[in-house]
Amino acid sequence: MTMKDIPHDGPPRTDPIQSATFSNPVNAEIRRAAATGIYDIRGGGAKRRVPHFDDLLFLGASVSRYPLEGYRERCDTNVTLGTRFAKKPIELDIPITIAGMSFGALSGPAKEALGRGASAAGTSTTTGDGGMTPEERGHSTKLVYQYLPSRYGMNPDDLRKADAIEVVVGQGAKPGGGGMLLGQKISDRVAEMRNLPKGIDQRSACRHPDWTGPDDLEIKILELREITAWEKPIYVKVGGTRPYYDTALAVKAGADVVVLDGMQGGTAATQDVFIEHVGLPTLACIRPAVQALQDLGMHREVQLIVSGGIRTGADVAKAMALGADAVAIGTAALVAIGDNDPKWEEEYRKLGSTTGAYDDWHEGQDPAGITTQDPQLEARLDPVDAGRHLRNYLNVMTLEAQTIARACGHNNLRNLEPEDLCALTIEAAAMARVPLAGTDWYPGKAGF
Amino acid sequence: MQTYDLESGDLRCLNASLHAQAEATNQTAWEVVNPRGSHAIAVGLDAPIEVNVKGSTGYYCAGMNKQATVHIHGSAGPGVAENMMSGTVIVDGDASQYAGATGNGGTLVIKGNASSRCGISMKGIDIVVHGDVGHMSAFMAQSGNLVVCGDAGDALGDSIYEARLFVRGSVKSLGADCVEKEMRPEHIELLRDLLARGGCDAKPEEFKRYGSARQLYNFKIDNAY
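Chains as they are written, first to last, in the working numbering: chain A, 1 to 448; chain B, 1001 to 1225.
The shape of chain A in the complex, shown without the other chains (with noise of 0.2 Å):
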């Protein structure tokens, strides 16, 4: 019913227009603003609808392309990461890795499952602010040793128990942007593995300590390799800003891999204003980066693994087909291993939230025991089926990508090509740089 409909004496009125500018979740956030003096602040990524690869399709074999079985011809999924300098590259079964996630924001069962369920699907999973602990090494047959600015737990023992070292610039829910972890979150252990009072709201700083700019770049990784020596490929991530330039730049500083993550991937916690007013799309990042390793004719040879927003085997496939050499997934994980489970939507509703819109991790009350440090809560998660759940949801992806890349006349995941992909909107063909769907065009092509 609307008020035109309501039964009135006198002429008929005007329909009340709700502004699409200022709507009522725009004016709730402006009247929460002007009653607590505090930005939002959140986990997760980008909400907001932007170009992905569900703009994309694959176009699949046809008279020109001749497309393989698709239960029985061999499609290979391996991997192999830090061939540029590395003594010991990493060699995953999968091109599917785990991100960076620090026990501090996740429990430590939560790694644990993070760490099981990689193991057991034959890929690596990757510290996070805060250092590594026992568990997840214990857990993890591929570990990545992130090396942060905060510099929390760093040492030169946990270094070389590491199968590769990941320098972050930065992440793309927050390029620019260091970490936070309130006060709430900070237990005993987190506080003595930060070397950080208890209790206070914890800040990660935003820039490394002890080195500005790709030069600098170059030397600490110079560092970081003769401290390990020579084996550990080295990985250098960058949120989605300027990703031709950073690409480059890492690659000048001497990266086996780079790490590109766009604006959909998730943090522990950001203000809300910074995770969806900066930084790219992933789709926007990927062509851009391969581009560069492509005019450094390094492609191939330094690694590209894309983040943000990956979901699927067809996600993964596209990205591959885009130039990656393997994606991680964060949010997609905690998905699997139980975050935001409608099981627990009750409590979800006193938090003031609902299934999928949960994404107050920063407060350590997740009813899924996953982002929490109350033992209470984390004793929710059983690490070993959380574990088999993220290892059938990465054995599903990959089947997933391989029934594309079949389809595409592909024996490696590897082998998918922007060829394979049409675009359904301007946007997507624009920042994928395939064609717009029915056509053999997109902007910026050269001749239109």
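Keep in mind the hints are simulated off the structure, nothing from the lab.
Quick caveat: nothing in here was measured; it's all calculated off a predicted structure.
All the given hints hold, so there is nothing to weed out.
The calculated label-pair distances, taken between Cβ atoms and stated as ranges, are:
hint, chain 1, residue 1, chain 2, residue 2, range
1, B, E1186, A, R137, 33 to 43 Å
2, A, Q376, B, K1054, 54 to 64 Å
3, A, D295, B, A1024, 47 to 57 Å
4, B, E1182, A, T36, 34 to 44 Å
5, A, E192, B, N1218, 17 to 27 Å
6, A, E73, B, A1024, 51 to 61 Å
7, B, A1016, A, Y244, 32 to 42 Å
8, A, A35, B, P1185, 40 to 50 Å
9, B, K1181, A, Y244, 45 to 55 Å
10, A, N415, B, A1016, 33 to 43 Å
11, B, D1010, A, K252, 13 to 23 Å
12, B, G1112, A, E192, 31 to 41 Å
13, B, A1016, A, E29, 52 to 62 Å
For every residue, glycine included, the Cβ atom is placed at its ideal position computed from N, Cα and C.
Once you've looked at the hints, dock chain B against the given chain A.
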């Protein structure tokens, strides 16, 4: 005494040789000649050896040091003794930016001056600077001690946590949440030990102590203004 010439030998061989020294090694005395400002000299050591570098070094000399004593007979480039865990690093000359950054333990002695961001994000290291330190020193310093026998530049101890800062000379300005604190007897005793370890004959009573006001430890809206 083992002598390694960086003019004829390469960095990788030097560091590999130093890394190969076991806990009970007899080859405890090493000399590195012709460092010529090379980067990453003697990084990641983990044995009770003494390495004398005869000249000036580039970036990150003695980075992540454990147990070893590294003596630089010259000046040090950026990030000397960064993330040191234990042991001792001595710089006879001046040190560039980020000296002792994120250090977790051990002692860093700089007999000249230190540039900006000395002791940035320090996590337990003790740093004794005979001369001055530059701006933003002890930024986000978490724990440990920074002793400055000369003057400190702008924004000393900005966003400091629980580290203790002792300055004998002037402080151009204090950073956010860094305040002067009372010098109690236990601090005099602590400083006396630090000065002795740093080979400095200054008197503890001549210093002022600075540390965190602890007003930024939890977010308050008024801190934003």
